[in-house]
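Trainee: Here is what each chain is made of, one letter per residue.
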Amino acid sequence: MFGLLSAATAAGFSGSLPAMLLFSVGPLARLGTLDLLVIALYFAMVLWIGFYLKGRSNTSEEFFMAGREMTAWIAGLSFVSANLGSLELMGWAGSAYQYGILAAHWYWVGAIPAMLFLGMVMMPFYYVCKTHSVPGYLKLRYGEGARIVSAVSFAFMTVLMSGVNMFAMAEVMKVVLGWDLNFSIIVSSLAVAAYVALGGLRSAIFNEVLQFILIWGGALLVPILGLVETHGWTGFKARLAANIASGATPAGDYTHLWRSMGHFADNPMGIHWTGIVFGLGFAISCGYWTTDFLVVQRVLAANSLRSARLAPVIGSFFKMGVPFIVILPGLLGLVVLQNGDGSLMHLVGQNLATPGSGLHSYNEVLPLMMVRYLAPGLLGLGITALIAGFMSGMAGNVSAFSAVWTYDIYQPLINKKAKDEHYVSVGRWATILGVIISIGTAYLVMNAQGIMDYVQALFSFFISPLLGVVLMGMFWKRATKAGGFWGLLIGTLTSIGLWAWVYINPAALRYVALSPDAKAMAENMYRALWSVIVSILVTFIVSLFGKARPLSELNGLVYGATVLPTEEPVPFYKNEWFWTVVAIVIFLALNIYFW
Amino acid sequence: MHSSSISIWFFIGVLLVVYGALITGYGIFELATGQLAHVVLANLRAPLWWGCLLEALGLFYTIRFRPGRSK
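Residue numbers (the numbering used here), protein chains in the order written: chain Z, 1 to 595; chain H, 1 to 71.
Do not take every clue at face value.
[Unchecked claim] To list a few chain Z residues with every Cβ distance to chain H over 12 Å, as calculated:
| no. | residue |
| --- | --- |
| 1 | G232 |
| 2 | Q338 |
| 3 | V585 |
[Unchecked claim] Covered by chain H, according to a simulated footprint, are these stretches of chain Z (three or more residues, beta-carbon under 8 Å):
| no. | segment |
| --- | --- |
| 4 | 41-55 |
| 5 | 225-231 |
| 6 | 371-377 |
[Claimed, not checked] Computed footprint of chain Z on chain H, listed as stretches where at least three residues anywhere in the stretch have a Cβ under 8 Å from a Cβ of chain Z:
| no. | segment |
| --- | --- |
| 7 | 5-15 |
| 8 | 45-58 |
Since the hints were made in silico from the structure, they are not lab data.
What you are looking at is a predicted structure, and each value in this text was computed from that prediction instead of being measured.
Yeah, the Cβ is synthetic: ideal placement off N, Cα and C, and Gly gets one too.
Model the full assembly from the supplied sequences, consistent with the hints where possible.
Mentor: Below, the structure written as structure tokens:
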């Protein structure tokens, strides 16, 4: 969701996802029998997994938390995979074509510090308190009110986002492959409903790991062959420089991350480095990676505290690698994509890539690169990777919805003392209900696509304030129930208010983002930052006027009041701190190399 | 995660074995007939070596995580 919104905005569509999905000409690819067989085998596999896992999802702990027996590797791959949807892949590849390597910020500074922070600092509290969800943590720390508000907003937004994703997938399949919208929606939703309702979170996690392998297997060949064609990274830069010198490619710094971040006007995204570091790297990234239950749920399913801490660290290594299958193909597209007559192809914005124009949009760069290099069978694998991305994203949404609905809404508000089997049954039906609501949302969006933008904006309002409140609850013993409630409420209202202010008066962007040269991307970052600051300040001030809970009630919830279980000593190569340091070194090296 | 149950890695291994066989098969067909797909760098015969790579990975995971294998 975070990625979807960001990718759409980064690609310069004024936050208009429907526009992003309007491709100019199509279908781009024509699949042969071998390709279709590859896709059919994927569907057969996910259903096999679902039916196999049905017998292992009989208790609520098994159905909602996958029995808390995932290894660090599986939880880590699932954690990073839940965010690796196909729209994100195509959106960021398009952004790389348009803006250059700046798009990699969303994979590196916009993810890695937050993932490591979750693993090393926050995970012990989530894990030790044995919560089933992030709203569940809020209940333990701040009481029932904060839990219900958070759970209802999360459940509502999750199924809406699932529908938005479903419609987006159907649109892409229609344009890339020429498939009928209804066919794509019905087939994908039936498959997801079947395997999640049967196997619960375990099934969703299995399919996310499978999707992750397929994405690498299907997409990695594109940058490899692209680099062969351009004679390596150095050859690519030489061809790009020649194209810029001849005027064939718009002038700009496409291969450096930070050099153009000194001022809003120096880079095409209209962002300042403070926005990237504090807005993206802290407010948005930490908000998403540490408090969005969709991703945190995967790590809570780990089989031990050490695995739970190690999982985000493992995920961070793969997250750092994703730009090589997303950003690099977008960059390579700048120099290798050609028209039928051999001239350099110029991808354009959505407003120019109208039907009949014969032009392709930025977002088509990844499918175009696949069609350029991938022979029959391999193309089917690449398309399967895109379909798998959509389906596992949807499965992630409905499995998280099912858990929050059952644990944080149904159990406390409707039926407190039912048998365990009853809650499993409610979870299965909630999964099916979630899919049905998603289908309804998909058709709603189909008939009124403007809704899509509002759904995504709405979701973004809740992420950052929640971060402020969770951080205060976890690291300040004095934070009170009233402080958490008002911090969450006023932080959210701040986010909504700033968004509405800029929506009504675009000139207000200069105040929100601190510069008249700021662009839409900068607004997202600074808005998130302001809402975190406000939620922290309000929680702090209100808590000062209230009575803090006794320390004995905060064990497992707050830093300084929690006795963490001691873990067995392990060799250094199995220690989470060792791998965290390695991840930090690689992260810094990448940023310095592409400075 | 793979004590008395089938590991996810086994499922992944099986799928990669099948994909590897199909894609390698197409690569062998190209090699035998000389008919190359209409893609850039088709002369590198990516289906052949990428298919073999998938096959090798698939076989590794299928055998390593096969059901009933003692740890």
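Trainee: Going back to the hint list, which numbers does this structure go against?
Mentor: Those not satisfied come down to hint 2.
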